[in-house]
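S.K.: So the protein sequences, as listed, match chains A and B.
If you use our numbering, the first sequence corresponds to residues 1 to 342, in order.
If you use our numbering, the second sequence corresponds to residues 1 to 818, in order.
It should be emphasised that the hints constitute simulated quantities derived from the structure, not laboratory data.
Bear in mind that the values here come from a model prediction, so they are computed numbers and not experimental data.
Mixed in with the good hints, there may be bad ones.
Cross-link-like lysine-lysine pairs, in silico, DSBU-like; alpha carbons within 35 Å at most [stated by the list, open to error]: (1) Lys245/A to Lys494/B; (2) Lys100/A to Lys642/B; (3) Lys316/B to Lys293/B; (4) Lys294/A to Lys293/B; (5) Lys642/B to Lys238/A; (6) Lys237/A to Lys460/B.
Which chain A residues stay away from chain B? Per the calculated CB distances, all over 12 Å, these [claimed, not checked]: (7) Gln4; (8) Gly34; (9) Gly48; (10) Ala83; (11) Ala129; (12) Gly321; (13) Tyr323.
From the three backbone atoms N, C-alpha and C, an ideal C-beta is built for every residue, glycine too.
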Amino acid sequence: MKEQLEKIEALAKQELSACTEIKALDDLRIKFLGKKGELTAILKQMGGLSAEERPVIGQLANKVRADIEEALAAKMTALKSEAQSAKLREETIDVTLPGKHAPFGKLHPLTRVENEIREIFIGMGFNIADGPEIDDDYHVFEALNLPPDHPARDTQDTFYIENTNETVLLRTQTSSVQVHVMENQKPPIRIISPGRVFRSDAVDATHSPLFHQIEGLVIDKGITMSDLKGTLEMLMKKLYGNDCKLRFRPHHFPFTEPSCEVDISCFNCGGKGCSMCKDEGYIELLGAGMVHPKVLENCGIDPEEYSGFAFGLGLERMVMGRYDINDLRLLYENDVRFLEQF
Amino acid sequence: MNLSMKWLGDYVKADMPIKDFCHALTMSGSKVECYEVEGSNVSNVVVGKILSKGPHENADALFVCQVDVGADAPIQIVTNARNVKEGDLVPVALDGAVLPEGKIKKCKMRGVESFGMFCGIDTLGLTAHDFPYADPEGVFVIQEDCKPGDDIHKAIGLDDTSVEFEITSNRPDCLSVIGLARETAATYGTELKVKAPEFRGVDGDVNSYLKVDIHNAEKCPRYCAGIVKNVKIGPSPRWMRERLRASGVRPINNFVDITNYVMLEYGQPMHAFDLRYVEGAHINVRNAVDGEKIMTLDGVERELTSDMLVIADEKKPVAVAGVMGGEYSGIMDDTTTVVFESAYFEPSQVRRTSKKLGLKSDASARYEKGVDPTISMTCLKRAFELVELLGAGEVVNTVIDCNKSDFKPSEVVFDPEWINNFLGTSISEADMKEYLSRLEFTFADGKVIAPAFRIDIGCKADIAEEVARIYGYNNIPSTDFRGVARAEFTEEQKFVRILRNAAVSLGGYEIATYSFVSPKYFDRIRLPEDSALRKVVRIVNPLGEDTSVMRTSTIPSMLDVLAFNYNNRNEKACLFEIAKEYLPAKEEKPFINGDTLANSGNKKHRYEYSLPDEPQRLTFGIYGGDADFYTVKGIAEQLLAKLKIDGVEYVRAADSDAFDEKCALHPGRSAVILREGTPLGILGEVHPEVQETYGIGVKTYVLKLNIPELMAAYTGTITYQPLPKFPASTRDISLVCDEDTPAAELEKAIRGAVGKILEKVTLFDIYRSDDMKKNGKKSVAYSISMRSHEGTLTDEQADGAMKRVVKALNAIGAELRG
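Throw the hints in and build the complete structure from the sequences for me.
M.R.: Now the structure itself:
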């Protein structure tokens, strides 16, 4: 019997090593280890063995079974892994072929930068105020200390609306929104008003009869010009990084006093002077100032009690600077090949 | 304003490096645009003296000269100039010289060596106005005090630097050399050297020559005049011409030059005219008579109105006050007696007149901003001082000063503490006084008094600015202001952001278009003649017709952009814009703004005209790819789904009056989106005619959604629905109905019939056999999914529902497909 058992084991191992398919492996298991298998058949003859032989043979039989099972398992693992490898090989594709694209939209560059600025200001505690694009002379000029015949009106080439006796016009600045806000809200006021403005400038690489401004206004007790500087510096650091420097130059706007123009260190040379900044080291960025007491008065706010500052940014200029766009017209032509770059 | 640095040097120390000067003045408030060093494009040109001039051996038209250029030995120059002779001083461009036209090198001319070139006036970049004695055709024979070898810049005064300032409208006083000298002195803390002008004059009584009457003292509070007799008209001296040139003013003759010189120096416009043409020798400053005419200096006859001020003699206007003189009263070559005028005119008067006549001049530009009201006499005297200096005539030593001015300088409370609190600084009172004194402010009784030329000062903030700009804006600290921040986006801003992000996530490229368009769009999108959309807000003074009306529909703007892209051969486009339409106010009656005024209550502004509505729209435009009607409808559906706006229905646009833009769309392929009867939007395929008009060669689709209406339907609340615990039962149904039965109607019937247990109805097939086509039928197949949240549906329940469905479908003429 011992020889028989050893023979079975040898046979099983031989057939196993010859086996190449997982399905055939199952057949082998049944053949050798199944209820009607060869090993079982031998074990059934155990009854005829002597009491001394039985444990010896029994032990041997168990070992043979265990060996065969182990061999089966090893073979199974090997075959599976081989099959897997074959499948993977077969499924190999050209990974350099292009991917499948789901539609993927784009925000207009003007919106992208405006959103960024909106988020920064919300974070700084500024609400965002909207106002009419078609407004009256009072809100766009008069309340802002630009009475009729004021020479500064010349610099704002205004579009007027028909049949309104030059009373209704397209706003030339979003400062008009300041007036609406101050008319309707008590200080403290902390707003920005982004939006479209209109001036009769013919279209060229740097001019457009329609462009976007972002106007800011802060009114409270004890607001100072140093607060204006601090606020603008924080804004510009958030937009352009901590290395940028601001330069404040005296200027004149009818609605602020003192007024200033603010320059930023040249993006190109960082302040050393280059062709981009005309050797100045700085690029003009925005206008700002302390709200003129007459403007506060016009809007029913007591300038003895409150003070404030205001500033106005040109969005197009910021967008063009940000993305190195050299022609403003691209922003309004909306060529798909332009838009897809953002 | 162009400033001659040489001229500036008359009044203040001005020898600092030009870059420093420009920076310092810019930072103290007088912005320098740029500067130009005169003659910087000319180098290595010197004065040469012609020692001999002889014939050229090979050319009759050329001459060979020996020229002393201040070197050890004379140099030889070949020239073709006929207007030079031995002994003449001429500009010589030496070997290696740079001229505006290029470089000069020694060369051989017809076999004879030439070591340089003689220069004409134009070769040096000058004109005959700069040196009237020079022959404009030939070589410039210099009649200046110079010697051979002198650098040409110094020899002919081509060594000034002209600085261009951007002067803001509040500082007309800086439109003058003295004004900028004051700023320079204040900026650097140096001394200002301006002395009062003086003239000797010849004995005479000005009143025997001229009488002046002011009839409108409000508009002309002061008028000074004087007489120069035995005038000698001629060119001005070189120094005056140089300074005018550096200031960007062309020299004309001594009298015109003197008026310009004084204007540039003091900022006070001057007028000189021929006494012969003042009838009755009587000047009347009066309002014009309606219809009165004058031919102004520019040769245009102008009709005047009674709100304009004129300088008139006894019969006719000789000048429009502060704007321009009359053609016939100017200085001529045979003028013998000249009247000089120096007056103050009220700024808005000049401004209105200038605007009304469409006539601007250097004088009107200054008057309308406001000149120093106290310097009329000073400037008259300065003009006479110059007349005498130039030997241009005899000044009668008495003058007319018609002075009805009640001018008082501005006074403002001087409050250093307030100024520091306002600026966020801690500048000492002494320093503030020092800065203000430098700017010629004075102090009395706790007040600071502005100099007369500072017409822009009126309140404490103005004084703060003066202190700040001399202290230096960049020396003011930067601080974070205090206060609690409670900022958030408004509901509308949040909504628009959601909408915009949804549009992007659906593959839209955002565009930006102009708010104003051409009125031609009415016809281009086939709007009916009586469409309300043809009623537009028009611009009186547009740049052109293309931008002359405010759009009442965003769709034409979108079509323009689609066409632009199509023409640029972009294969496909899926674009969107969130922007406004401008709809004229429905009611014409004025309304009052500011009723909700929170604070003062006494300031209420009344609108004279109702403003237009400016509703926001979301507009989509698509062409190319495999886009069809259902692409754009899918976008609408997905947007609405994102906004959780349900209960909408799509009805054929042709059957709705909600949007006139339906005329721009294919009548069979366009729909209006309604929710509870409210139109939310319109969508569809662009009408083939419109497509052709816009030049788009492929099918194009648009969608417009009204944002205010969308927002009204939007709640923004998301409520979680429990996941189903029990399985769904699904039944498919295939039916045959008339071709023109809308799917929405079938679906509505199914929904109604299934009732509460309905989970989803999905259309999965539309089919038309030949037979069906013949009979105007179609087959539509739906998958109906039913589910209960209380338990597993029994077959009976599901079958019962399906029986109801069949019945309901039968009722609208749809049969089960056999």
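S.K.: Take the hints in turn and mark each one as holding or not.
M.R.: Hint by hint, here is what the structure shows:
{"no.": "1", "hint": "Lys245/A to Lys494/B", "verdict": "33 Å, holds"}
{"no.": "2", "hint": "Lys100/A to Lys642/B", "verdict": "24 Å, holds"}
{"no.": "3", "hint": "Lys316/B to Lys293/B", "verdict": "8 Å, holds"}
{"no.": "4", "hint": "Lys294/A to Lys293/B", "verdict": "41 Å, violated"}
{"no.": "5", "hint": "Lys642/B to Lys238/A", "verdict": "32 Å, holds"}
{"no.": "6", "hint": "Lys237/A to Lys460/B", "verdict": "32 Å, holds"}
{"no.": "7", "hint": "Gln4", "verdict": "57 Å, holds"}
{"no.": "8", "hint": "Gly34", "verdict": "41 Å, holds"}
{"no.": "9", "hint": "Gly48", "verdict": "60 Å, holds"}
{"no.": "10", "hint": "Ala83", "verdict": "36 Å, holds"}
{"no.": "11", "hint": "Ala129", "verdict": "9 Å, violated"}
{"no.": "12", "hint": "Gly321", "verdict": "17 Å, holds"}
{"no.": "13", "hint": "Tyr323", "verdict": "14 Å, holds"}
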